[in-house]
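Chemist: Start from chain A and add chains B and C according to the hints.
Note that the protein sequences, when read in sequence, are chains A, B and C.
My numbering numbers the first residue of the first sequence as 2 and each following residue consecutively.
My numbering numbers the first residue of the second sequence as 763 and each following residue consecutively.
My numbering numbers the first residue of the third sequence as 5 and each following residue consecutively.
Some hints here could point you the wrong way.
What the hints assert, rightly or not - Per the computed footprint, the stretches of chain C lying under chain B, defined by three or more beta-carbons under 8 angstroms from a beta-carbon of chain B, are: (1) 118 to 124; (2) 155 to 162; (3) 300 to 310; (4) 321 to 335; (5) 351 to 365.
FYI, nobody ran anything at the bench for these hints, they're computed from the structure.
Every residue gets a Cβ at the ideal spot worked out from N, C-alpha and C, and that includes glycine.
Okay, here's what each chain looks like letter by letter:
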Amino acid sequence: MSNKEVILSIKDLYVNFYTYAGVVKAINGVDLDIYKGEVFGLVGETGCGKSVTSRAITRLIPPPGRIERGEILYKRNSEYVDLLKLPEDEVRKIRGDEISYIFQDPTSSLDPLYTSGYQIAETMVVHDRAEWNEAWKKAVELLKETLIPDPESRVKNYPHEMSGGMRQRVVISIALSNDPKLLIADEPTTNVDVTVQAELMDLLRELQRKKGTTILLITHHMGLIAEMADRVGVMYAGNLVEISSIEELFSEPLHPYTKGLLAAVPNPLQKIDKLIPIKGTVPNLIYPPSGCRFHPRCPYAMPICKEKRPPRKEIKPGHFVECWLYVDEKERGEAKNE
Amino acid sequence: MSNKVLEAKNVKKYFPVRRFLLSKDYVKAVDGVSFYIKKGECLGLVGESGSGKTTLGRLILRLIPLTSGEIFYKGKSITKLKGDELKEFRKSAQMVFQDPYSSLDPRMTVFQTIIEGPRIHGIDIGNPEEFVIKLLETVGLKPEHLYRYPHEFSGGQKQRIAIARALAMNPEFIVLDEPTSALDVSVQASILNMLKELQAKFGLTYLFISHDLAVVKYMSHRIATMYVGRIVEVAGSEELFENPLHPYTQMLLASIPIPDPKIAKSKPKIKITGEPPSPIRLPQGCKFYPRCPYAMPICKIKEPPLINVGNNHEVACWLYE
Amino acid sequence: MRWLAGSMSRGGCMVIVKETSYNEVGKPLIFVLLGYIGIIFLNIIAAYYSRTPNLYFALSALIFILTTPLSATISFKRAMGRKKASTIILYTTLLLILVGILILAYGIYSLWIALTIRPLIRNFEFALIIPIITIIITYFLAEYLEKKIPELYWRFSRAVADRVRGGVSAAATAIIGPAIAFFGLLNFDAYFAFLSLIYAIIEMKRSLDEIRTTSKLKKNLDSLNEHLTKALRTIPNIIKIEDLIFDPANQFLIVYSKFAVSEFLDDEVIDKIVDYALTYIIENFGIVSFVRIEVDKSKVEKIRVALPLKNGDEINEDFNASKYLIAEILPNGEIISKDIIELRNTNDKMIGVEKARELVKKRVMIVGTKKIDEKAQRELNGWFTKIFLLKTNNLEDAIKHIAKSI
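Here chain A stands alone, though its shape is the one from the complex (with noise of 0.2 angstroms):
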C-alpha cells in the first residue's frame, strides 16, 4: 500500500482568519507526510482544523482567512514543489486534475443548472484532458464504474432529479474523471444514508485498490477511518497532535486526546457500561490556551504543557505524538529553562 514514496508533505502550516471577533489562529503548526497509494485519514471533532488544513493544500482558503506560512511540497512529476508559491495559474492546473476534492454536501458541489454529465466532462474539458465528445463518453463510463443504476439516462439528468447518493456518486466521477493523483475527501458521507454511506466507502477503496489513488479521508468518524484508513492523524485545535497506523491507534493510542476520543466512541459490537466524556469543551481559537492547547483538558497536564508547546516525538517507526508526556526529563527541563 504504503511504497513509502512521499506524494504530499505539508511543513510547518499556519493559517489565521482575521475576523471582526479576533484573529482566529485556526492551523498551528502542522507537519505533515502522506504517502503514495495510501489512504491517510484525518480525523477530529469540529473546529480543530482538518478541513482548514485540507483545503490549504491547493490554497482554497478564501479572505478573511490567510496562510501565514509553511510549505506544501507536492509531487508532480519527479520533483517536489511548493503548491503554496506557485501562481495562482498554476496550482488551478493542478486542483480538479492532479488534485480532487469531494465534499460533504453534495448538493452544494453541483451546479443546479447544467445536467451531470456535462459536469463530469466539464471537468475533462477544462483540463484538457479530453474533447467534449471523448469527455461525454468517458462521463458515462465513470457513472458506470460508481455503481449508478442505468448511467445513460442519469448522464442527462439535473441534480435535483437524483438522490442524495447518486448525487455523491456524481461528484466522486468529477473528482476521478482526470485520474487524480491525490483525493481528498472531506466528510463525504456525513449527509447520506449509512446504508448509502457503507457503499459509497466501498466504491472509493475499491477504486482506489484500482487506480492506486492516494485518498485524504477526512471526517469526524472513528469507525470510518477504521473501516477506511491505513494510516491516521488526530487533529484538537489547529494541532496535529498524533499520527499512526490506523491499528496503533485503536490499540496503542498514545495522546490523552486520542485516549478521551476513543474512550467517548460507542462500539456497537461491545456491551457498554459507560461511555467516557472528555471533560471541558474545544477552545475558542481566538484566544486559544496557552503551550499545550489541550493541557486545560487533559487530566495528565503538568506545569510546562501551559507553558510550551511539546514537540513532535517519534515513539515507534511511524507513530508520532505531541505530547510533554513523552519528551524525556532532561528534554523537558531544558525546553523549560529557555
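Modeler: Okay, now just chains B and C, sitting in the frame of chain A:
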C-alpha cells in the same frame, strides 16, 4: 395491569402532495405502525431517510394529527384529545429536538426558556429562580448561566438547556429526536450519560430516535428498526445485534462503521445495495423487496405482517411467517 | 384483490386463468366513459345553441380527450384474441382525432366570422351553465376513477384520470369569453376564444402523442418479450413459456401470457405463481391496462433435482452443506446428468437461505433433504421449488423415491 406508558396501534400518517390539475398524491410517511413502551424503558427507533421515524415521534406527541390509528398514553386514548385534556397530556410528555441551535429561542434567556412551560401551564413551582437553578444543576450547568442567552453557549450546553426545559414540566415520557447528532463525539458521550442518569433517577420513559445504531444500542433497552414508514423488526438491544432477523436490519448492522480496525477489516461482506425509496406510490408487497438478497415472489405480492417469533422478538418478513 | 379465476379442464391438463377483474377495473372504467360521453353530448348541445367559438374549441378538446378513456375501455374487451384490440383502438383514435379536427376547423371558421363580421354568441345560458357542469362532472369522474380502481392499477387509473381531468381545463378556458360577453362586451367572446383554441390544440397533440407511443412500444416488443421471459424463468418450476403477447393500445399495454408449470406442483402453489406473474407484469411494463394469464400443468421431461452431499456420495444430514449434487433425471428415475457444486455462505445469520437462493438461481425444481431449517424451507417454497423430505442417506434410493413420488 400493564405498565405500558405508551402504546401505538396501526398509526398512519399520510401527507397530501399536490400534483398538477387538482389531483393529489400521498406521501405515506408512517403506514401502519404498532408498538409499545413500558415504564422506565428506553425504546430506540432506528431508520434512514424516508423511514418515518421523525414523523412518528411527532405523531406520538400529537404535534401533528394522525391520519388514522390510535395512540394510548398510560392506558387512555390520546388520539383525539383536544383543549384542556390535550394540555394535560402535553405536561407529561415532552420532546427534545435534534438541533439545539434552532430549538431554543435566541431572544429568551435560559431562565425564561425553562420557566416558560410551567408558567403557561400554571404549575406551581415555588420560587422560580430556585426551581430553575436546581434544574440547571441537574443537567450539569451552573447558576451563573441563568440569565445568559443561547448564543453564549456551546452546542452541548444548548442541548442541556433543551433537556432542562423538558424536565421543567416534570414529565414521565420524553421523545428524544436525534438529541446528539449535531454534537461532537466527546460532548455526545456526556449528554448520553446524563440522559441515562436522569432516566434512572426520575423513572423516565424514553423514545430515542436516531439513525446512529451505536448510540441507540448504548441508550436503549429495546430497538425497533423502521423502513419506509413501517416497523420491520423489534427486539431487545443485545438480541437485535446478536440475532438480527430482518434482512434490512442485517444490512443496517453490516453498514455501521466499526471503530475497531481489526474487526472492521474482517467483517463479513454483506452486499449493501440501493437506497431507501421515497414513500410516494410504492410498489405492492414488502417495501424492502428491491434491495433484499433473499426476496421471493410472495414478497412482491403481499406485505408481511409484524409477528412475534419468540424471545420478545418481532419481525415482518416472509422468511419467518 | 379479487380476480376472475377459473380452472377449465382442457384436454386433460388443468388450467388456471386469471385476468384483470371486470368488476374492479372494467366497471368503473365503463361508468366513467359513459359519463364522459354524456358530457360530450351536453357540450354538443351547448355549442349548437350558443354558437360561440369557445364551445366549439372546448368540444373538440373533449373529443380529443375521449381517445384515452375509450382506448382504456376497449383494451378491456373480454374476448380472446387481444391482438385485435389494438387495431380497433388505433382506428377509433384516428377517427376521433379526425372528428376533433373538423370541429376545431369549424370553430376557427366561426372565430374568423366573429372577429371580422359580428360576434356569434347567443343563448348565454348554454355557454355558461354547461361548462360549469362539465367542470364539476369531469373532476368527479376522474376522482371516482382513481378511488375505485385498485391500488395495483394506479398507473393505469392515473393515466386515464389525468386525461379526463383535462375536461376541466377545456371547460374553464371556454367559459371565460362567454362570461365576459354576458356582461355586454360581446366582442370579448371571440378574443378569449384563443385560449380555448390553444387548449384544444394541446389536447390534439396529446392524442397524437398517444399514437406515437404505440409505435414506440411496438418497436420494443422484442425487449418486452425478453424481459418477461427472463423474469418468468427465475422460477425453476415454470417449465415452458407458451405464449407472450404484448399489445400496445395507445399509451397502454395489453399483456397476455400463457405458460406451463411442473405438474407435481400443488394448486395453491400455482395460484401464487400466477399472482406473482400478474403483479410483476403490472408493475414493470409501463401502463398496463389489461393482463390475462393462463397456466397449465405439464409433464416435465428433465427434472432438475438438488441434494445436499456429505463426503460426495452420501446425503448430508441437514440441508445446509458445502457441496450439492444437481442432477437432471427422467420421470422414471434415470439420471441423465450430474453436477456437483460448492456453495459457500457470506452471511452467517442466513446460511440455509443463501444456499436455497443459489439453488433456485441454478433452476433447481426439486430439493431432496433429510432435514431443513425453517427459513431455508420458506425460501425454497417461496420460489416454488418442491421439497421432499428423505429418510435414506443413499443417493440412488433418494432419487428413485423422488421420481416415484411425482
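Chemist: Would you pick out the hints that fail for this structure and give their numbers low to high?
Modeler: Hint check: 1, 3, 4 fail, others pass.
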